[in-house]
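Line order of the protein sequences matches chains A and B.
Residue numbers for the first sequence follow the working numbering, so the first one is 35 and each next one is one higher.
Residue numbers for the second sequence follow the working numbering, so the first one is 5 and each next one is one higher.
Just so you know, the hints here were simulated from the structure itself, not pulled from any lab data.
Treat each hint with caution, since some may be false.
Unchecked claim - SDA-like cross-link-like pairs, simulated, lysine to any residue; straight-line CA separation at most 25 Å:
hint	chain 1	residue 1	chain 2	residue 2
1	A	K218	B	Q12
2	A	K42	B	V248
3	A	K40	B	V248
4	B	K56	B	V248
5	A	K42	B	K188
6	B	K13	A	P131
7	A	K76	B	I130
8	B	K13	A	K42
9	A	K40	B	Q12
10	A	K40	B	I130
11	A	K46	B	I130
Unchecked claim - Derived coverage of chain B by chain A (criterion: at least 3 residues anywhere in the stretch with Cβ under 8 Å from a Cβ of chain A; other residues may be distant):
hint	region
12	68-80
13	213-224
Built from N, CA and C at the ideal position, the CB exists for glycine as well.
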Amino acid sequence: MNYKTKEKIYEKILLISAFFSVITIILIGGFVFKEGFPTISKIGLIDFLLGKEWYPTKGVFGIFPMIVGTFAVTIGALILGVPLGVATAIFLAEFAPARVCRIIRPAVELLAGIPSVVYGLFGMVIVNQIIMHIERTYLAGILKPEYQRGYSVLSASIILAIMILPTVINISEDAIRSVPREYKEASLALGATDWQTIYKVLVPAASSGIIAAVVLGMGRALGETMAVIMVAGNTAIVPDSIFAPVRTLTGNIAIEMGYAAGDHVNALFATGIVLFVIIMVLNTVATYIAKRGVSQG
Amino acid sequence: MISVKTTQKIAKTALWIAGLSTVAILIMVIGYVLFEGIPVMSWEFLTDKPRKMGSKGGIFPIIVATVYFTALTLAIAAPIGVGAAIYLTEYTREGRLTRIIRFGTEALAGIPSIVFGLFGFAFFVILLEPVTHGWSLISGSLTGATMILPTLVRTSEEAIKTVPVSYREGSLALGATKWQTICKVVLPSALPGIVTGVILSIGRVIGETAALMLTLGGSLRMPESIFDPARTMSMHLYLVALEVGTQEATKKAFATGAVLIITIFLINTTANWVMKKFITKMS
Numbered sequence: 035m036n037y038k039t040k041e042k043i044y045e046k047i048l049l050i051s052a053f054f055s056v057i058t059i060i061l062i063g064g065f066v067f068k069e070g071f072p073t074i075s076k077i078g079l080i081d082f083l084l085g086k087e088w089y090p091t092k093g094v095f096g097i098f099p100m101i102v103g104t105f106a107v108t109i110g111a112l113i114l115g116v117p118l119g120v121a122t123a124i125f126l127a128e129f130a131p132a133r134v135c136r137i138i139r140p141a142v143e144l145l146a147g148i149p150s151v152v153y154g155l156f157g158m159v160i161v162n163q164i165i166m167h168i169e170r171t172y173l174a175g176i177l178k179p180e181y182q183r184g185y186s187v188l189s190a191s192i193i194l195a196i197m198i199l200p201t202v203i204n205i206s207e208d209a210i211r212s213v214p215r216e217y218k219e220a221s222l223a224l225g226a227t228d229w230q231t232i233y234k235v236l237v238p239a240a241s242s243g244i245i246a247a248v249v250l251g252m253g254r255a256l257g258e259t260m261a262v263i264m265v266a267g268n269t270a271i272v273p274d275s276i277f278a279p280v281r282t283l284t285g286n287i288a289i290e291m292g293y294a295a296g297d298h299v300n301a302l303f304a305t306g307i308v309l310f311v312i313i314m315v316l317n318t319v320a321t322y323i324a325k326r327g328v329s330q331g
Numbered sequence: 005m006i007s008v009k010t011t012q013k014i015a016k017t018a019l020w021i022a023g024l025s026t027v028a029i030l031i032m033v034i035g036y037v038l039f040e041g042i043p044v045m046s047w048e049f050l051t052d053k054p055r056k057m058g059s060k061g062g063i064f065p066i067i068v069a070t071v072y073f074t075a076l077t078l079a080i081a082a083p084i085g086v087g088a089a090i091y092l093t094e095y096t097r098e099g100r101l102t103r104i105i106r107f108g109t110e111a112l113a114g115i116p117s118i119v120f121g122l123f124g125f126a127f128f129v130i131l132l133e134p135v136t137h138g139w140s141l142i143s144g145s146l147t148g149a150t151m152i153l154p155t156l157v158r159t160s161e162e163a164i165k166t167v168p169v170s171y172r173e174g175s176l177a178l179g180a181t182k183w184q185t186i187c188k189v190v191l192p193s194a195l196p197g198i199v200t201g202v203i204l205s206i207g208r209v210i211g212e213t214a215a216l217m218l219t220l221g222g223s224l225r226m227p228e229s230i231f232d233p234a235r236t237m238s239m240h241l242y243l244v245a246l247e248v249g250t251q252e253a254t255k256k257a258f259a260t261g262a263v264l265i266i267t268i269f270l271i272n273t274t275a276n277w278v279m280k281k282f283i284t285k286m287s
């Protein structure tokens with residue numbers, strides 16, 4: 035075999051490797067849709083999405099409580115995590131002395147690397163205990179007894195907020211650092227203080243990057259499974275309070291897949307379809323925002 | 005009306021508090037798990053078999069299974085990831101083809117692990133059952149490999165891009181073929197960067213749980229082949245803490261958590277060390 039043929043073969047092998055991700059994403063979409071579609075066509079999309087009852091043993095599959103649950107814990111996580119994350123990013127990019135950066139950066143990196151089950155364990159034992167204490171001491175008269183066990187929207191939001199911190203911090207910091215130096219210098223030269231420069235010049239200029247960070251953090255919170263199962267209580271009822279136990283779409287699949295059979299399995303795959311679609315939409319939005327940022331910058 | 009100087013002071017203090025809170029949260033989570041876990045993490049715990057569903061005894065077979073699982077996953081994913089990165093950097097210009105590939109890689113990176121689990125269950129566990137023996141190390145590893153692929157492609161691509169064009173030109177000018185240039189010039193120079201990416205993926209593989217719940221099987225026994233079911237340390241932590249759930253079991257879960265945190269810390273440190281060497285070499 036001459037070297038030209040060999041070179042061609044190597045190139046083809048590499049091309050196939052490059053296409054693996056594309057093939058995989060098609061396979062994932064294909065399999066999840068194929069297995070989940072029977073449920074949606076049998077129940078009807080609207081009844082499946084808006085059905086408030088989930089009784090697998092009776093063949094009743096409505097995932098509305100899980101959709102609300104997923105968005106409740108995600109929004110909670112964003113409310114708690116985004117301000118802290120963005121503030122930390124500004125701090126790292128603008129104020130922190132090099133020595134402090136050298137402590138915070140590896141800390142953030144480690145925070146990103148810790149397995150989600152470890153966060154779940156911490157949440158289960160510490161966060162839930164604290165919330166249960168609050169529920170039983172200060173809110174005992176107001177809350178239903180099943181809302182006094184610590185497992186709640188609030189505890190899931192707290193744990194998820196911690197878990198999205200690294201994503202929010204890293205991407206926002208990059209966005210702030212990539213604002214051209216001239217912007218900052220011009221602002222300071224006009225007599226603005228550091229803080230005025232930050233919130234009137236740097237943050238607006240970095241806003242698309244910061245929004246992308248928030249959207250990606252949101253994706254991480256929506257997709258998180260194990261940590262949420264461990265702290266959320268997993269009741270398939272629409273939550274009506276931040277102290278209510280809650281079940282997410284991811285949790286629904288992970289908890290029941292172990293013993294499901296027949297239609298039930300298809301219903302869990304259908305839950306996967308909903309999750310898949312939500313995430314794809316979110317990623318498209320994130321990519322679009324990030325791109326718009328680049329073309330502006 | 006608060007003066008500009010006061011606002012500046014307040015803002016600066018608030019940002020300092022934010023930065024320090026982030027560190028405080030980390031210390032709280034890690035500190036607590038290590039504080040609870042390390043006293044239980046004896047030599048026996050690391051070298052003994054689990055008994056009574058893991059509420060007694062140790063985690064030795066689980067550590068071994070975690071190592072097997074990680075090695076197998078990387079053995080599957082690393083060649084494909086590096087191959088894809090070489091193709092993207094050396095063989096194509098930016099165009100429609102790369103846009104499709106990049107879209108696939110990015111989309112894959114965003115998919116929740118439980119959806120990978122559903123896919124792995126339907127494809128590797130059920131459809132390919134005659135080959136993979138259902139829930140097994142190989143089914144779990146194939147699923148895990150698809151999950152770390154995006155990270156591997158991206159980090160390898162970045163490492164390959166840092167190799168100066170002059171290296172390639174020098175090699176080609178000496179009469180080497182493109183493939184020879186890649187194998188003997190580009191890859192060796194990019195190797196530390198690629199290795200860093202691989203090390204960081206180890207962390208992701210070790211921390212993964214949701215997808216493995218549906219594909220790996222969860223057996224407590226020492227796996228004897230890649231077709232045996234197994235469980236990793238992360239899975240063990242979850243199963244012991246939630247499905248056994250006794251006070252004794254929670255202690256074992258914390259000890260497992262401590263082992264995980266220490267492992268991740270060592271992995272990050274190694275990756276940073278390799279990267280630092282790489283940067284000093286390149287500059």
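The hints, checked one at a time:
1. A:K218 - B:Q12: 16 Å, holds
2. A:K42 - B:V248: Since the Cα atoms of K42 of chain A and V248 of chain B sit roughly 56 Å apart, the hinted pair is violated (cutoff 25 Å).
3. A:K40 - B:V248: 56 Å, violated
4. B:K56 - B:V248: 9 Å, holds
5. A:K42 - B:K188: Holds: K42 of chain A and K188 of chain B sit about 18 Å apart, inside 25 Å.
6. B:K13 - A:P131: 16 Å, holds
7. A:K76 - B:I130: 23 Å, holds
8. B:K13 - A:K42: 64 Å, violated
9. A:K40 - B:Q12: Distance of about 65 Å is beyond 25 Å: violated.
10. A:K40 - B:I130: Not satisfied, since the Cα-Cα distance of roughly 38 Å exceeds 25 Å.
11. A:K46 - B:I130: 31 Å, violated
12. 68-80: violated (count 0)
13. 213-224: holds (count 4)
Figure legend: structure checked against the earlier numbered hints; hints not met, in rising order: 2, 3, 8, 9, 10, 11 and 12.
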